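With the hints as your guide, set chain E onto chain W.
What follows is the residue order along each chain.
Number of protein chains: 2
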Amino acid sequence: MPQGLQPGQKLARGVARHMRALGYATLEEFVPERGLRVDVIALGPKGDIWIVECKSSRVDFQTDSKWQGYLDWCDRFFWAVDLEFPTELLPPETGLIIADAYDAELIRMPGEDKLAPARRKKLVHKFATDAARRLHSLRDPRPGKDGVFLSDTIEVTQTQS
Amino acid sequence: MPQGLQPGQKLARGVARHMRALGYATLEEFVPERGLRVDVIALGPKGDIWIVECKSSRVDFQTDSKWQGYLDWCDRFFWAVDLEFPTELLPPETGLIIADAYDAELIRMPGEDKLAPARRKKLVHKFATDAARRLHSLRDPRPGKDGVFLSDTIEVTQTQS
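Residue numbers (our numbering), protein chains in the order written: chain W, 64 to 224; chain E, 64 to 224.
This is chain W alone, in the form it adopts within the complex (with noise of 0.2 Å):
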């Protein structure tokens, strides 16, 4: 079991995989618009857009008053949750993955309703920019900006003071 991850962050692990095999891409905690933080964002091999959000409990979907918002940056919208979630809570009109930390499984897939071309564009060029600078700061962090993952890196900053 990875450690440290919060339970609906295993949840996204398990989704992640799932959609990787699907050939889609995908960003966790992805911020669309300010005050708006997606679970986890699918881009497909068209340039489709699928966000899941990751509900590890009952009172975690009872508590979620944003989810709404979300429909406004994607295609289609899926929750996806454990075996053990009482999935009847959930809208009929959204998307469901059961998942766990390892891997999960698409069980409905909701109606499409398509973005408009500026704002999938918009979406995909942050998508692209994030994915890139995320990666960019594991292979070369700042140090004091994006902490010190790498032990080359830690020499390079002796190095360089």
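Derived from the structure by calculation, the hints contain no laboratory data. Incorrect hints may have been included.
Identical chains blur together in the list; that is why a pair holds if it fits in one copy or across any two.
Using 20 Å as the maximum straight-line C-alpha spacing, the simulated SDA-like pairs for lysine to any residue come out as follows [said to hold, decoys possible]:
1) Lys208 / Ala84
2) Lys177 / Arg205
3) Lys109 / Asp166
4) Lys189 / Ala84
5) Lys184 / Gln72
6) Lys184 / Leu159
These figures come from a predicted structure and were not determined experimentally.
Relative to the frame of chain W, chain E by itself:
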């Protein structure tokens, strides 16, 4: 000094740092189409795309028979070289960046040759997908495919088998 990097990769590291400071997100070793691999691709805040080829020596430049093929995949094209490089060899209409492993400086801004919208869209989509997949491979490597980078994952693999 980062260990194990080739001279060209050290230049790419400095270039990526400078691009980040300019607000561009970068990916290294990006493949715009089969048979072409660019050293650094940079995506700007307005969707503009730059390509930077890193040349560590005169020979490295003179044996590159592919660079003109890169012009079709960006709005602006640059060379990145170190201070020792004989820059008079480089075509004057191309961009020039002086770099080392730690930073870079943009010396000559080339003219812009704008990508067609369909090609830009395709490139940004591939940039997004590649960046997210690389990030995912680091975050959650698939044993035997991505290699194993994180001790968490070793544990997961052992638990699953």
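Each hint tested on the structure:
1. With identical chains, the CA atoms of Lys208 and Ala84 are at most 20 Å apart between copies only, with a shortest distance of 13 Å across copies and 33 Å within one.
2. Taking identical chains as interchangeable, the C-alpha atoms of Lys177 and Arg205 are never at most 20 Å apart, the minima being 38 Å within one chain and 32 Å between chains.
3. Proximity of Lys109 and Asp166 under a CA criterion of 20 Å is satisfied in neither setting, with 23 Å inside one chain copy and 36 Å between copies.
4. In this assembly of identical chains, the alpha carbons of Lys189 and Ala84 lie at most 20 Å apart only when taken from different copies (17 Å versus 23 Å within one copy).
5. In this assembly of identical chains, Lys184 and Gln72 lie within 20 Å of each other by CA distance neither inside one copy nor across copies; the values are 27 Å within and 31 Å between.
6. With identical chains, the CA atoms of Lys184 and Leu159 are never at most 20 Å apart, being 26 Å at best within one copy and 30 Å at best between copies.
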